[in-house]
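Asks: Here are the chains, one letter per residue:
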Amino acid sequence: MLGLYLHRDSPVHAFPVGWKLAALAVAATGLFFVSNPVAIGAALVGALGLFALARLPLGAVLGQIRPLLPVLVLLFAVQAAFAGWETGAATAGRLALLVLLASLVTLTTRASDTIDALERGLGWLRPLGVNAGKVSLMLALTIRLIPVLLDLVQEIRMAQRARGVERSALALLVPLLVKTMRMADHLSDALEARGYDPR
Amino acid sequence: MIELRNVRHRYGEREVLRGIDLTLAERRVAIVGSNGSGKSTLARLLNGLLLPDEGRVLVDGLDTRSDARAVRRKVGFVFQDPDVQIVYPTVAEDIAFGLKNLRLPRDEIARRVDAVMARFGLTEHRDWPAHRLSGGQKQLLAIASVLVLDPAYVVFDEPTTLLDLRNRRRIAGVIRDLPQTALLISHDLDLVAEAERVIVLDEGRVVADDAPAAAIAAYVARMG
Ligand SMILES: Nc1ncnc2c1ncn2[C@@H]1O[C@H](COP(=O)(O)OP(=O)(O)O)[C@@H](O)[C@H]1O
Ligand SMILES: [Mg+2]
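So the protein lines, in turn, are chains W and R.
When we follow the numbering used here, the leftmost residue of the first sequence carries the number 435, and every step to the right adds one.
When we follow the numbering used here, the leftmost residue of the second sequence carries the number 4, and every step to the right adds one.
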């Protein structure tokens with residue numbers, strides 16, 4: 435999902451990283467103030483236009499959204515049941531838009547460039563207690579670990595299916611939690627072993 | 004030289020290392036023992052990831068307790084599962100991580116990253132997301148990320164356990180060719196047999212410490 439940079443010659447790729455991130459942050463914040471599903475729909479079309487401008491294949495776009503589909507459907511259904519379909523559509527649309535925009539940024543920007551830009555961009559917040567190095571490491575780790583965790587989920591699912599357990603959230607969650615905690619332990623050892631020192 | 008002086012270690016009530024005295028001066032030392040015998044705990048003591056509850060661990064005379072940072076720079080650590088030691092999303096970035104921690108100048112970082120990628124055949128994958136590498140390539144990346152820091156000692160904690168035969172051989176070759184002093188924990192007895200000295204751990208004690216043939220025989224006999 436994330437962390438898959440696709441190289442193309444496009445204005446979106448060439449756009450400075452810092453501005454891409456800032457635009458993403460502004461869009462993500464702004465989205466919370468928009469609740470009209472038609473406006474959100476228009477924004478979705480606009481986002482797809484940006485994917486075209488970035489010369490990314492349609493498959494790449496769908497690939498970003500597919501893992502999210504069950505969540506979107508669930509979100510829509512729950513919200514629609516309690517607050518009406520407009521709210522449901524707006525909530526699901528917002529999330530879809532957010533993921534699309536974030537994917538657009540990751541598909542058109544090398545992860546290392548993003549992390550460097552973030553580290554430079556946050557330096558001025560240091561007096562406020564923001565440790566840019568820590569924030570960028572956290573981002574790097576997140577991008578790095580998402581595919582690892584997805585693999586882990588697959589693996590646990592497979593093992594359970596082999597034993598005849600079909601979709602059970604609890605049966606998935608417990609081993610996932612145990613494994614993730616063990617992983618976090620090892621990761622912090624690995625960071626330390628390589629001289630990481632948050633200062 | 005790495006020295007352990009009457010080292011004991013507990014997790015809670017459980018004592019997992021029960022008085023270890025070792026002086027490691029050989030270029031290739033291997034440690035074997037059943038699961039839970041304390042191998043990984045011992046390994047983590049060598050670079051100060053863990054501090055002993057009792058006793059001392061010295062690396063070239065530096066105590067892991069008081070000189071943790073200096074010891075860390077001398078002793079590199081390769082874990083069993085590369086997935087938990089690759090911390091940056093792409094190959095080149097991950098190799099650069101440790102160098103950045105040393106606050107080296109950018110051009111020196113770039114030069115050393117390029118050199119180590121060439122050495123381990125990772126150059127063409129420099130911008131690849133780590134998760135798209137094969138298991139063997141991931142372990143190579145993990146090793147490259149440690150060796151780029153130029154440690155004097157490298158501790159390998161079961162570096163080939165998760166690999167297929169071909170990649171196991173490849174990693175074995177890398178370890179064989181290392182100019183560094185290496186301490187290898189492994190269940191792969193072929194690999195262990197190449198060491199100069201083999202130490203057998205059982206329930207937190209050294210039960211054999213000998214040339215490979217004799218130590219492995221003692222280990223196999225013990226396993227029944
Ligand atoms: N962080 C920990 N907390 C509690 N117990 C641990 C921890 N790490 C290891 N142990 C226990 O200590 C014993 C020795 O573990 P370890 O050194 O990992 O052995 P080995 O690497 O030889 O399998 C095992 O019984 C293990 O369950
Ligand atoms: Mg172990």
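No wet-lab data here; the hints were simulated from the structure.
Heads up, some of the hints might be wrong.
In silico lysine-lysine, DSS-like type, Cα no more than 30 Å apart, as pairs [unchecked claim]:
1) K568(W) / K103(R)
2) K77(R) / K568(W)
3) K568(W) / K613(W)
4) K77(R) / K103(R)
None of these values were measured; they are calculated from a predicted model.
Asks: Determine for every hint whether it applies to the structure shown.
Replies: Status of each hint after checking the structure:
1. K568(W) / K103(R): holds (13 Å)
2. K77(R) / K568(W): holds (25 Å)
3. K568(W) / K613(W): With a Cα-Cα distance of about 24 Å, the restraint between K568(W) and K613(W) holds, given a limit of 30 Å.
4. K77(R) / K103(R): holds (17 Å)
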